[in-house]
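Going line by line, the protein sequences match chains E and X. Here the first sequence is numbered in our numbering, starting from 1 and rising by one per residue. Here the second sequence is numbered in our numbering, starting from 494 and rising by one per residue.
Simulated from the structure, these hints should not be mistaken for lab results. Accuracy of the hints is not assured; some may be wrong.
[Unchecked claim] Quick look at which bits of chain E chain X covers, simulated, 3 or more residues with Cβ under 8 angstroms:
#, stretch
1, 118–129
2, 186–192
[To be verified] Straight-line C-alpha distance at most 25 angstroms; calculated DSS-like pairs for lysine-lysine:
#, chain 1, residue 1, chain 2, residue 2
3, E, 194, X, 497
4, X, 521, E, 97
5, E, 142, E, 38
6, E, 161, E, 142
7, E, 347, E, 142
8, E, 208, E, 38
9, E, 388, E, 442
10, E, 245, E, 216
11, X, 521, X, 497
12, E, 442, E, 407
13, X, 574, E, 74
14, X, 574, E, 194
15, X, 521, E, 318
16, E, 74, X, 529
17, E, 334, E, 142
18, E, 97, E, 332
19, E, 97, E, 318
20, E, 334, E, 38
21, E, 208, E, 161
22, E, 74, X, 521
23, E, 74, E, 194
Note that beta-carbon positions come from the ideal geometry of N, C-alpha and C, so glycine has one too.
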Amino acid sequence: MQLPVLNDAPAAKSGCSASSCGTTDSQMDSLPDSIREKVQNHPCYSEDAHHYFARMHVAVAPACNIQCHYCNRKYDCANESRPGVVSEVLTPDQAVKKTMAVAANIPQMTVLGIAGPGDPLANPEKTFETFRRLSEEAPDIKLCVSTNGLALPDSVEELSKHNIDHVTITINCVDPEIGAKIYPWIFWNNRRIKGVKGAKILIEQQQKGLEMLIAKGILVKVNSVMIPGINDEHLAEVSRVVKSKGAFLHNVMPLIAEAEHGTFYGVMGQRGPTPDELQDLQDSCSGDMNMMRHCRQCRADAVGMLGEDRGDEFTMDKIEDMEIDYQAAMEKRKVIHAAIQEEMDSKRLEKARKVETQNFASLRTRPVLMAVATSGQGVINVHFGHAKEFLIYEASPEGVRFISHRKADQYCGGDVSCGETESTLQTTIRSLAGCEAVLCSKVGYEPWEMLEQAGIMPNGEHAMENIEEAVMVVYLEMAKAGKLDTEQLRASA
Amino acid sequence: MAVKIIESCVNCHACLPVCPSNAIYETKPHFMVDPKKCTECEGAFADFQCASICPIEGAILNSFGEAINPPGSLTGIPPEKMAAAMAELQAH
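Pulled out of the complex, with its shape left as it was, chain E reads as follows (with noise of 0.2 angstroms):
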């Protein structure tokens, strides 16, 4: 199905020559609509999709190839949600029931990928099997992997026999000098090569990879780990790089370290990047490429809508007891995806009509940053004190757009053995750092003043309404008040 071309950006020779994303409107309207058409439902790599569709991981995939500095192969914890972090590794053959058993029980989830706890590629047998069995046995899901490249010029040739259209590089560097400060070592040709040396034949593989998956056809999006005074500022270059070479998006996503995890970078104390530091580079990248500011960095067997992990349901000795009839299956997802879809087209008319009739231009107002409380939809549909995350939107007179989500509570549970000095209340307020207002769809009395006190507007007004409009209407009364005044705010620095 083709979606309708809202833009005027002329249709694209290939790939990403299209054009560069707007900041403004949504990352998905400058993109050709042959790509909008493999991702229009892909959560990961559609802003809008994420709201209504999910998607799974499998690991199937433990041995690694390389060691990266925020990586450690010993960590194990239900309570985490992080890359490369799983509960239990699964066969293909277990992991190929597990995924028709969500396909059946969760009829948005569109996407299976397999993205570790190790690299996919370093488990071809592994990984391809399941792919194999998957493309022939559930072939309505679409199936993506993502790879630190260093195996991947070995493997485009299988990946494009499965029906794969999706691959992931993380690419956090393009220079070998600081790539030997993000990895220590990789293991290739029977030896283990350390430092500078590693680094560059890594960085000579996943360029070479990329470029074979683009001349197959294949999309490329690409991962990039934000670290501050390692390749903060190198990232520009990355991105610049990648898309003339034909990567679709990139997605810069923070450093996650803490000495807990026992990665190099957590213990060392290397700091993650401030979350105005990632929007400041995100926002420096966009002139280049589309960018991705939705990714939620999540565990290598995730189940679900991006913001939430149902992967408890879905244990091994729970999906061993369900009858799956894979064939009614595809025919009851068949219908709920067809109406989602058409749900997402006539909400994109809907917002293309209205940009067109109202023009907030004349406004000299300032932007505001706004937390939302959702489930997905597109709504403002949770409670204050049930978001485990919000999304962040900036409202300005040209309009309001995503800027990225912020977890309302720590990565852990938070026991004991965390030692948290805070509430869970504080911190989520501290999460919210920025903030003008806060969207919901109730808020509680307490959490009403503590939010008042941190100068954090909180709203449940607009409760199951669409998040960019009720945005747009706060900021409006926000101006109609005179808060957003920029000469009061002058007068007033």
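Since chain E is already given, all that's left is putting chain X on it; use the hints.
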């Protein structure tokens, strides 16, 4: 003459396919090396293949019982730094 995998192994599978002698096998609680099959890669490779891909320091011992990858050699974290960080966490 054989290497040995000890309990700090995290069962990541990386060593299994690179062994030229098929000496490594999957078992509980962790992977093991069949000492009758292990050749220490002699005549095949300059380095122990299993220990060249293993990500865990200290998990594989040589025939003298010494860690082929001693603490700090793979992660780059100085052992005293790691000990201090872990002590700090324990204190909480």
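Requested in this report: State the violated hints by number, sorted upward, taking the hints as numbered earlier in the document.
Outcome: Hint 16 is the one this structure does not satisfy, whereas the remaining hints hold.
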